[in-house]
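K.L.:
Given the sequences, and given the hints that come with them, work out the whole structure.
Its first residue numbered -9, the sequence shown is counted upward by one per residue in the working numbering.
None of these hints come from the bench; they were simulated from the model. Virtual Cβ for every residue (Gly too), placed ideally from N, Cα, C. Hints are supplied without guarantee of correctness; some may be wrong.
Just the calculated beta-carbon pair ranges, DEER-fashion [unchecked claim]:
| id | residue 1 | residue 2 | range |
| --- | --- | --- | --- |
| 1 | Ser254 | Leu39 | 47 to 53 Å |
| 2 | Arg258 | Ile24 | 44 to 50 Å |
| 3 | Arg73 | Arg241 | 40 to 46 Å |
| 4 | Ala200 | Arg175 | 19 to 25 Å |
| 5 | Arg50 | Asp135 | 32 to 38 Å |
| 6 | Arg258 | Lys111 | 27 to 33 Å |
| 7 | Thr75 | Gly51 | 20 to 26 Å |
| 8 | Ala63 | Ala200 | 37 to 43 Å |
| 9 | Gln178 | Ala63 | 28 to 34 Å |
| 10 | Arg73 | Thr153 | 27 to 33 Å |
| 11 | Arg248 | Gly16 | 41 to 47 Å |
| 12 | Asp121 | Gly16 | 23 to 29 Å |
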Amino acid sequence: MSDQGRWVLADASTSGVVRFGSAVPGSNHLESIISLSGDAHPTFTDALLTYERESGVNLRGAECVLAIPAPPAGDAIPVSRSRWTISRSGLNAMFGRQVTVINDVAATAWSLLGGGGSSAKLEHFGGPAFDFTRPGRWAVILIDDGVNAAALDVSEDGQCHVTDGEAGHAGFSPSDDNEIELMRRLRQRNVHASWELALNAGWAEQHAPAAEREAWAAAAGAFVGDCVLQLGAWSGVILTGRHTQTLRDPRRQAIFTRRLEEKSRYARFIAGGSRAFLATRDPLAGGLSLLTARRAARLN
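P.N.:
Here it is, written out as structure tokens:
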């Protein structure tokens, strides 16, 4: 990888806002961090050009990682909760090299491996201590207006890999009368009742009755358990997103944990995993960590 130019990181995961940053290749330090209004820029290209003008960072020849709340597949990529459609070929032409487009939850997973200390920001609430220098697979799960999960793998030889998906759009599977009634309501307005719809039905909000918040904690435990089973994330889970604040209450956290650990015949594997909150996630730091890992793999 050439050291010419800079690394440019972009994060379009927050509705109405796009964040940019840059770094010297090989550095663990983000610079020239600027947040721009998405509404004020008709296209992502317009936002990029504003960033170039305001930061003084030359885009041509730079290596770029863009984190988006969508599957990073194909050339034309619609950005969720935005009017933007990202053109991969257009970005490649603009930078003069291939741009990496990555799911924002996958970028969050990468941030746990970076030099910025993201792993130190984990708030442990169960199971063994986290150690990303040892082999394992962890599920990084976002429960917010968007719901998703990514798998963070560390192999026996220390190589790291992140697998993304769209777990929040998998089918909601109710397990009691309250959840069955919620499913009926969701089906009245939606052809497909997803986990994302179920976990955003209002039960997690601060103004919701205590019984609904407890029911939400149980449903969240079921969803996280499904993610562990589907991803094979036996090493543990990291939860992030605003709705996870609901689980700070000891009673609701106990309800969540019980439902999580009761999933399937493999309950003892799930129960043996680590659990933590990540209060603040930073896809920009994740993009930086990904580029650093690529550079090390190519140069070593």
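K.L.:
Please list, smallest to largest, the hint numbers that this structure does not respect.
P.N.:
none
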